[in-house]
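Q: Residue numbers (my numbering), protein chains in the order written: chain H, 1 to 175; chain P, 1001 to 1413.
Check the hints yourself; a few may be wrong.
Stated by the list, open to error - Cross-link-like lysine-lysine pairs, in silico, DSS-like; alpha carbons within 30 Å at most:
#1 K23/H / K1316/P
#2 K1172/P / K1394/P
#3 K157/H / K20/H
#4 K1151/P / K1172/P
#5 K1123/P / K1036/P
#6 K51/H / K1151/P
#7 K20/H / K1234/P
#8 K173/H / K5/H
#9 K1151/P / K1036/P
#10 K1234/P / K26/H
#11 K159/H / K5/H
#12 K51/H / K23/H
#13 K51/H / K1250/P
#14 K5/H / K23/H
#15 K1151/P / K1125/P
Please keep in mind that the hints were generated in silico from the structure rather than gathered at the bench.
The chain contents come next:
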Amino acid sequence: MANHKDVLFGLYSDEEVLLKAVKKAKAAHLDIMDVFTPFPVHGLDEALDLKESRLHIVGFIFGLIGSLTAFLGMTWIFTDDWPIIIGGKPYWSVPAFIPITFELTVLFASIGMVVVFYVIGGLGPGVTNPTLDDRITDDKFCIAFDQHGMSDKDIDKVKSFLKDSGAEEIHTKTI
Amino acid sequence: MNTFTFERSQRMFLGTLMGIGLLCAIILLLQHDPLKARFWSDFLHNSVFFSGIAVMALFFMGASITGMAGWYTVFKRVWESFSLFLIVGIIFMIILGLGNYLGFHHLYHWNDAETVADDVLLKGKSHFLNKGWYLLGTIVIMGGWIYFARKLRALSLEEDQDPGHDFEKHRKMRVWAAAVLPFIGFSSAAVIWLWVMSVDPHWYSTLFAWYSAASWFVAMVAMTIMIIGYLQSKGYYPEFNRDHLHDLGKFLFAFSIFWTYLWFSQFMLIWYGNVGEETTYFFTRRDHYPVLFYGNLVINFVLPFLILLRNDTKRKLGTMFFVSGLVFFGHWIDYFLMIKPGVLHTTQALSAAGEDHGSHAIAAGFGMPGFLEIGMMLGFLGLFIYMVFWQLSKASLIPKNDPYLAESLHHHV
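Model the full assembly from the supplied sequences, consistent with the hints where possible.
A: In structure tokens, the structure reads:
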């Protein structure tokens, strides 16, 4: 990758300590690049002022496309393209279309959301994601800062913040 | 404010609602109506609807205790109070059961000896559909529900005083809660057959019990949201936060969809099977009640689905209160549609001699809920809320010593 980043990060071993540290960093107007945790930490989204994900809007749109595909598709097939009388019912039998409409809604919404999630997140087959430290997928919690544009003084400030807020280890890594 | 005070103004207001209900009942009884069908069908409709809300609160409480759920503990007194309304409900249902013997109402066609003698289908069903089973079933089953409701309430109050060694009281409660689940599961189906499905005695549907129980359940969740919303406006339950509301909203949303799923499953199988004795149920409703028939689906599915689909609407008390009111009324209409057409048919058949039977003229109060139906509903609503508030005022609003209390107070979704 072309854009390498010099990342300064601290590792914590308790989520409560991490949560307090994040709040403290926000109060001190430190520019957090990202926070990595092995599991979802309650209250972290609010502490980081993360915006609500818009993925569910994608889900709704794909679901709508699925419903229309199924319903209009069956309408066209059974009334125009290849009308068949089934069980003495009219060609355009709405109740019989409902289950398939439901299934395609779910199918489109779920597949659409997964694909969009992967595309937006830059994930997918063949993509390697450098990790700051392997233990952040196990039992360590990490606050990371991008060193780009920081003066030595700023770096010292961040380092002392990490130390004071309870980080057990402080490292720098280029990813 | 951990104790609810049942203020005088509230008593007055609820008393007025009950007065309206009583007034409507008297007007209905004084009307020219030889079989008093309009009054008794309203009485059955509301008794079943509000008793169902009470039993679903008991059922959900049992499920939550058995499933070791912690989120609801903050407001579990509300559900305890709901479940104790059954004590009033059983009185109403026994009145209806005695009516089959004493003949002061004619809601059930299977209770007419002459009709049954000439009708091979009703004769075949008479081993179950008879006045003895109706009364016995009502007393035994509702009595059982009341027993469990009082047991869980008593243990919960004892726990407030002393949780016992290693939460002994709660462990005991868990046994009772686990026992109530299969009991309500099977017995609610049996009483729904007797009370509601048998107003159309020729018709049957195996899904009916689930479908009408789902209707009760949604109404119960809606009622919970409205009651807690009111209590919060009075300054009670500051501990009930947006996350609790969000979870209740999810239940309202999910079970509205579940209700629709069952409604549609029942409809589609009958539509597909196309058996005359089954389809007549939906023909009657579609042809004579088109507004309610389709409106039922709009109020109970389309609107809550679209409104509650978004995350943030479930976290706003105002929106939730509005949707709850809508859905509550919607499920009341749902029960109206289950009961009224059948009773109308029975009434017309029983009073057919000499009159124009078969014209399907829909009598007042049977086609669309009129002011008197709404008035009766308000009366029952007033009584229900009165009983709930009365029970709420008897214990602390937030239970003490419940092992899940801390989890509930820190609930976060």
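Q: What hint numbers does the structure not satisfy?
A: 6, 7, 9, 10 and 15
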